[in-house]
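Asks: Take a look at the letters that make up each chain.
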Amino acid sequence: MTDAGTVTPGAEDARVQSTEAPAPETGAVVMTLADVAVSFSGRTAVRDVTFDVHAGEVTALIGPSGSGKTTLLRALNRMHDTVRTAAVTGTVLLGDLDVYAPSTDATLLRSRVGMVFQRPNPFPTMSIYENAVAGLKFNGVRRKALLDEAAESALVAAALWDSVKDRMSAHASTLSGGEQQRLCIARALAVEPEVLLMDEPTSALDPIATKRIEELVVELKDRVTIIIVTHNMQQAMRVSDRCAFLLMGEDKAGELIEYGPTAQLFSEPTDPRTLDYVNGRFG
Amino acid sequence: MTVVETPRPTPAPPDVRGRLRLPDRGYRGILAVAAALVAALAAWFLVSIIIQAKPAFSTLGFSWILQKTWDPTHGKYGLLPFILGTLEVTAIAVVLAVPIGLGTALALAYLVPARTRAALSTTVELLAAVPSVVYGLWGLVVLAPVFRDTVEPFLTSVLGWTGLFNGPDQGVGLLLAGVILFVMILPTMVAISRDVLAVVPNEQLEGAMALGATRWQVLRKVVVPGARTGLLGAFTLATGRALGETVAVALVIGNSPYIAHSIKSPAATIPSLIVNNFGEATGTELAVLFGAGLVLLVIGIAVNSVARWLVWSTAGPSAGATAR
Amino acid sequence: MTVLVDLPADPTVERRRAVQAAAASSLRRRKLASTAALGVCWVFLAVAVVPLVAVVAYVVAKGLPAWNADFFTNSTVPEGIPGGGVWNAIVGTMVITGIAIVVTVPLGLLVGLFLAESEGRVAAALRFTADVMTGIPSITVGIFGYIAIVRNYGYSGFAGAFAIGFIMLPVIVRAGESAFRGVPTSLNEAALALGARKATIARRVVVPTALPGVITGVLLAVARGLGETAPLLLTIGGNQYLQWNPTKQMAALPTTIYNSSSQPYADQVQLAWGAALLLVVVVLVLSIGSRLLAARLRKERR
Chain G
196 MTDAGTVTPG AEDARVQSTE APAPETGAVV MTLADVAVSF SGRTAVRDVT
246 FDVHAGEVTA LIGPSGSGKT TLLRALNRMH DTVRTAAVTG TVLLGDLDVY
296 APSTDATLLR SRVGMVFQRP NPFPTMSIYE NAVAGLKFNG VRRKALLDEA
346 AESALVAAAL WDSVKDRMSA HASTLSGGEQ QRLCIARALA VEPEVLLMDE
396 PTSALDPIAT KRIEELVVEL KDRVTIIIVT HNMQQAMRVS DRCAFLLMGE
446 DKAGELIEYG PTAQLFSEPT DPRTLDYVNG RFG
Chain B
2 MTVVETPRPT PAPPDVRGRL RLPDRGYRGI LAVAAALVAA LAAWFLVSII
52 IQAKPAFSTL GFSWILQKTW DPTHGKYGLL PFILGTLEVT AIAVVLAVPI
102 GLGTALALAY LVPARTRAAL STTVELLAAV PSVVYGLWGL VVLAPVFRDT
152 VEPFLTSVLG WTGLFNGPDQ GVGLLLAGVI LFVMILPTMV AISRDVLAVV
202 PNEQLEGAMA LGATRWQVLR KVVVPGARTG LLGAFTLATG RALGETVAVA
252 LVIGNSPYIA HSIKSPAATI PSLIVNNFGE ATGTELAVLF GAGLVLLVIG
302 IAVNSVARWL VWSTAGPSAG ATAR
Chain E
2 MTVLVDLPAD PTVERRRAVQ AAAASSLRRR KLASTAALGV CWVFLAVAVV
52 PLVAVVAYVV AKGLPAWNAD FFTNSTVPEG IPGGGVWNAI VGTMVITGIA
102 IVVTVPLGLL VGLFLAESEG RVAAALRFTA DVMTGIPSIT VGIFGYIAIV
152 RNYGYSGFAG AFAIGFIMLP VIVRAGESAF RGVPTSLNEA ALALGARKAT
202 IARRVVVPTA LPGVITGVLL AVARGLGETA PLLLTIGGNQ YLQWNPTKQM
252 AALPTTIYNS SSQPYADQVQ LAWGAALLLV VVVLVLSIGS RLLAARLRKE
302 RR
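Protein sequences appear in the order of chains G, B and E.
For the first sequence, the positions run 196 to 478 when the working numbering is used.
For the second sequence, the positions run 2 to 325 when the working numbering is used.
For the third sequence, the positions run 2 to 303 when the working numbering is used.
Hints may contain errors.
Said to hold, decoys possible - Taking beta-carbon pairs under 7 Å as the criterion, some of the chain B residues facing chain E (in silico): (1) 39; (2) 46; (3) 49; (4) 132; (5) 134; (6) 138; (7) 184; (8) 187; (9) 215; (10) 252; (11) 256; (12) 258; (13) 302.
Hints in this document: simulated from the structure, not taken from any laboratory.
Note that the structure is a prediction, hence the values are computed from the model and not measured.
C-beta: ideal position from N, C-alpha, C; glycine also.
The following block holds chain G by itself, in its conformation from the complex:
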């Protein structure tokens, strides 16, 4: 039984159909990837990526380092646009918007698909408040009421409001690492994107801060669809509803090996390579 939106199995490809065992809520498809490949100066970094992202879920991109997870993630909000040597092929759909169509404006796209980075990167010359509303201001929002409301809502959602509400004009650098990352999450949330991309958001944080962010991710998925890159399998198991497993192939290019609900991927994966990975046979 195939879920609407997953690919049909092919004998030769490595793509695997999702069997949809005990599925969580069946969200509508919010993003579709078809045959996505990214190359730099002709050298392929990741290829043959086809899967769907469902609304209200956390989709994790997992796999050992070098498998192209981050490269793939950054293709979803066209971050490779500024890299002259980069070429992205295939189709990425956000709803019915073709992300890479010439008529699609990248800056507008990024107001709908937000991103949180590996190392917290709050703007150092701006206060906490200014950081929170930075995205809104970039997008032309001027109305103070809307700015304040969105900032507060986002900071509440990022579990930061109580700590900072009395020092909104303090500099972002006065926050701890974990708090800074949550500020960055709030900053991204304030723009009310439909999808939030997270690139290993906890790898630069201590275990306690990591745990809080993981809790946050699970809380946030009602509000925004999340795609998270993580090299930590346990984290993937803890936070995600679906996983996409990528692995570097013989040609040094990453490829999608398997995609499906997290529980199933970790307990009864279809591909032997997935089994090896989740059993820790390689890192």
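Following the hints, put chains B and E in place on chain G, whose structure we already have.
Replies: Same frame as chain G, now just chains B and E:
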């Protein structure tokens, strides 16, 4: 020219050091002597200037610095016209150099393709290598007629309402000197600005981009503020250069010892005053020139020190090393 | 009985709509502003490049005609008499700069080595002093040269060399320190472990490795020294005849240019252009040469 700073070598182990003591001490001794010589030279400089400038202040007091009449034959030594001239010509140069320098630096750091970046940066920086006297010659012989016949009439017709453009179009004067000075300080402004703009961490740019900012928004709201201390340093350094420039300004400023009443007026600066009058000055006038030299020195050192501190605190000790 | 409850609109969805509306409606304005601002930056870049091209072009165009046999072999002659040259100024510049280099380079490099090997307050103070020295207005350096030398011994090439050397010294000190600091610690320690004396290490290890940086720094300092005019105006006294003896008054290229520039006689101005071209060629060759050298040596180091 950026250099990676490595930690000093660790001292030699004790037994080796015992054996090496004598020859090493000779080596260290020579270095120390050299360092002492340079320190002594700097001290000698400072002492000389102060001692020679002292008579001006002991006989004339301090008020002459701010008086506006310069007439040595009648014993009047007002420095004000020259102080104002120095400030005015520097202001013109800086007002032009800041936006144009910043825009150029942004272009070099973020807009120009990587391949042509080095060539273009070098072209701008080579402006600094051209001797100032050549700029003076070019300004006097080439630009002055153009200013007199074309630029000044045009500016007067467009901006005359500001009241800054009264008087005849002479070519030489504050405006021309300011423009020449602008060309001369531009490479300093650009080289340092480019260095400090380029070191704004990439992750901040990406953060802004990911929020939906346009390229200009990224530059304006993240890059420039992120480099603002260094930019201030570049601005201050360029100002310091402008304040001390002598021959180029002396050739094109018209050398009039009166306070300028228009941007087109001939004027004079402290350096041009000194260089024009030093040869024949004697007695009180000479003492006054020494005093003026001290005034200039104090201003120049103060501005320069602030600038270097500002630049270093952002981009490290070798930023702008290729610029003067 | 069904009760129709009027649910409040989901605030998140409302905000999303508002943000998207603002984003879409402001897009055109924002993109236009971006294109315009970036365009202005490009224009400014062009503005920055134009003067160099213009100055060099003019100097070449006006200076080249002045270059003839007389120009290089004769000394300056009074106004109105043809056949003047700048040979005396060339000689003067060579002698003055030569003396300055011979004294300043070794001294500056030694101090640079000292600073590279020292930490602590003394070194910091010296470093600060060298930095302050680079910011001293050149006319004040000329005044110092006058006070120190001319007052006691009269105008001379030596006085000029003293002043030029004073200007070059901090540049060489800082460049030297940079170059010597760039020497990897491992080389130093390896040599020490082999029992080499510190002086030998400096000679055999530090100096050769730092040589490229040193040469570059020296070339740049020389280029700077060649272009300085104001200090010379107050110290060398000028001389329309050929003079090789630095204890006497001399001529120099920058001062000749300065003095001839404002003359009303066409051939004097012509002379000025010719001298300017010569000076610009030498200075640009040194500047560009030092950059190329630095780049090539940096590549070789990889």
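Asks: Identify every previously stated hint that the structure contradicts and give their numbers, smallest first.
Replies: Going through the list in order, the structure violates hints 11, 12 and respects the others.
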